[in-house]
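Here this note's numbering is used: the sequence shown runs in plain steps of one and ends on residue 151.
Calculated from the structure, these hints are not laboratory results.
Since the model is a prediction, treat every value here as computed from it, not as a measurement.
C-beta atoms are modelled at their ideal positions from N, C-alpha and C, and glycine is treated no differently.
Please note that a few of the clues may not be correct.
Claimed, not checked - Estimated spans, in silico, between C-beta atoms of each pair:
| id | residue 1 | residue 2 | range |
| --- | --- | --- | --- |
| 1 | 128 | 96 | 36 to 46 Å |
| 2 | 93 | 148 | 42 to 52 Å |
| 3 | 131 | 97 | 20 to 30 Å |
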Amino acid sequence: MWKQITDLHGDEIYMIISLLIFLTFFIAVSIMLIRMKKSFVDYMKELPFEESENELKNLPESK
Numbered sequence: 089m090w091k092q093i094t095d096l097h098g099d100e101i102y103m104i105i106s107l108l109i110f111l112t113f114f115i116a117v118s119i120m121l122i123r124m125k126k127s128f129v130d131y132m133k134e135l136p137f138e139e140s141e142n143e144l145k146n147l148p149e150s151k
């Protein structure tokens, strides 16, 4: 497999671009999760167990 990767002449740019897209998405999602308010996470955790639909109006604001 390593030989096939090293024999790519001119096509390695596609692998680099796909890696950069993946890393950008992964870092963006990680930052979003770190900045998310704890109250919002707790609200979403309890959401499946709530019986009232009126709770949706009290959704905590995110940053």
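Structure-based check of each hint:
1. At roughly 44 Å, the beta-carbon separation of residue 128 and residue 96 lies within the given 36 to 46 Å, and the hint holds.
2. Checked against the hint of 42 to 52 Å, the C-beta distance between residue 93 and residue 148 comes to roughly 47 Å, which is consistent with it.
3. For the pair residue 131 and residue 97, the beta carbons lie near 53 Å from each other, so the given range of 20 to 30 Å is not met.
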